[in-house]
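2 protein chains.
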Amino acid sequence: MIPTKFDWKKLQSFCTDVFKAAGVPEENAEIVAESLVEADLRGVDSHGVVRTSIYLKRIEEGMIQSDAKFFKHSETDCMAVLDGNNNFGSVVGTEALNIALEKAEKSGIGVVGVKNSNHFGTGAYYAKKAIEQGFVLLVLSNASQTMPPTGGIKPFLGTNPLAVGVPTGTDVPFILDMATSVVARGKIIVASQKGEVIPEGWAIDKEGKPTTDADAALEGSVLPLGGPKGYGISMFIDILAGVLTGAGFGKYVNNMYENWDDPQNVGHFFLAININNFMPIDHFKARMDQYITDIKSEPKAPEVDEIFIPGELELRRTLEKKADGIDLPEKVVHELIEIGKKYGIDFTQAALSTTFNTEVSK
Amino acid sequence: MIPTKFDWKKLQSFCTDVFKAAGVPEENAEIVAESLVEADLRGVDSHGVVRTSIYLKRIEEGMIQSDAKFFKHSETDCMAVLDGNNNFGSVVGTEALNIALEKAEKSGIGVVGVKNSNHFGTGAYYAKKAIEQGFVLLVLSNASQTMPPTGGIKPFLGTNPLAVGVPTGTDVPFILDMATSVVARGKIIVASQKGEVIPEGWAIDKEGKPTTDADAALEGSVLPLGGPKGYGISMFIDILAGVLTGAGFGKYVNNMYENWDDPQNVGHFFLAININNFMPIDHFKARMDQYITDIKSEPKAPEVDEIFIPGELELRRTLEKKADGIDLPEKVVHELIEIGKKYGIDFTQAALSTTFNTEVSK
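Quick note, the sequences are listed as chains A and B, same order. Using this note's numbering, you'd call the opening residue of the first sequence number 491 and step up by one each time. Using this note's numbering, you'd call the opening residue of the second sequence number 491 and step up by one each time.
Because the hints were derived from the structure by calculation, they are not lab data.
Chain copies aren't distinguished; within one or between two, either way the pair holds.
Dumping the calculated DSS-like pairs for lysine-lysine here, alpha-carbon to alpha-carbon at most 25 Å:
1) K644 - K786
2) K699 - K790
3) K562 - K596
4) K790 - K741
Same shape as in the complex, but just chain A:
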């Protein structure tokens, strides 16, 4: 038996150490590891430590330059374009966030367009940091092709995500972090593995016909959220994050898993808003709290216990997982054990001691 429950801090240290051992400068290794573990804590496993192996492989293959310097250009008091120079997406994204926050602090608004970046993890990672400093953040990123345009049958757009972070007066900030697809492709993979059908409207088959067959859907495309509206939103995100910044867009954003000839050239768009330029932040927080109290007091459907605001469930999961540990699938554990061996770092040290001991004693 191998351990499958891990301490989040030790997991983060393990990832940091592995990336450092792979030649990533320490401060960058820390950012990437934090970004991965935070996704696991929020329950967004697809963006969690499961990505350690693909990130390492892209470093090894020269597809990510983990020590590359950034370049800023076209700078004004309220905006800049950041050339990520093909460093890690989360490292480039963190730099972009910091520039946006600095500019917003000074001018009220900070916009940073980013090019030559890579997959930047979850948008929530940046939203949370902006909230901690008292700012509103909107962050957009494009991604490699997974969704057809409305009327099309082949993947053309990415599931281009958007994330929004808004401070509140309580412990529960507003964090919306969503892909512009109907569902994550991962849910279709799970349905396929379980032999289940998927609901109508999730996907089309490779001929472009609506399908409820998960396997046919995986050969086809996941659909944009809400038909033409999601198509429009996804395209708008690609325009701001990609076309405007000088990054790739549409078919010029390369797939992290499949393309080993070129960097991804992902683009991002950060908009930071200094609340104090609009109204005193305490007043704003009181208004947010009123808003949330109002929503949560609304009459509920029969089977509903509670109305949640975006990010609330993810926060609960984070607190639970910080207390009880992060569950990882055996496959991922094996992969991380092997990665650890390669770099001389013992992954099982990251297991929750209780779990580890229990398992070992069996």
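Since the structure of chain A is already known, use the hints to place chain B on it.
Frame of chain A; chain B shown alone:
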């Protein structure tokens, strides 16, 4: 028989004259009339001249101050808060747009938050103007309550719309203009009138249960686009346009048709981007054109003749209606004839001469 097809310019003149006769300053009357007719031209009839009567009624009842002066505060080089002082939404919105464009011209980015405004018509109206001046625009507005939060059963959020305008090198700019509901409530009204069922997922009944009965849906609520995702987007729009600006939000945005005690206190959020601060605009336009060419060249589903970009169909409709006239339902024509009589302006003069003559000769 009465005429039902109208010349767009004459229709616009009629509306301008009526608003002037109702005491609206000329430049404001022109903006409101243009905004209404443009909605009709784009095929968004719900936001067209059908609204003339409710706008006039709100003026008469003191719910809109059509000559109110605006106030700017909290201004920096890249942002401002505009107090619309309860003038017409489209007049306040036009002022906000102009301030945002001026600031973007100077600083690269222009953000204007707006409070104490009214329903501002279609977002496309502002997107089109920004595009004509070479800017990218994102515009958000909140609205009075029509949609429940996810898990709720009563209208709480507005269908809070978002619009985006992006210049291209061709005659077809990118204009996305959408409500954050699954469909316009108007489509459910039409289904009810025809005695048709509505698709699952459009609406819930007044107990919060999913319904395909159009009448039950009208007593219940239209649902947010894509479930929790649309709920999150709608809430985010309400936060930027309402909570942040000092306008109403959630239940504090008043219904234009039902509340005759208080102004609406709608809020808007304008973000203008100076493309030249990111890259030379000609280069940007070439990238947009490549993007659109790529999308339109994608393989199509069997029943699909063409892949459209957001705003493309609306532009075609505009050109058709400019050439062939705007059709108005008889009920609206009767209403406008009566309004004309009240202010001493002959509405039938706006009919397309051919239509009018034909109809009269019958």
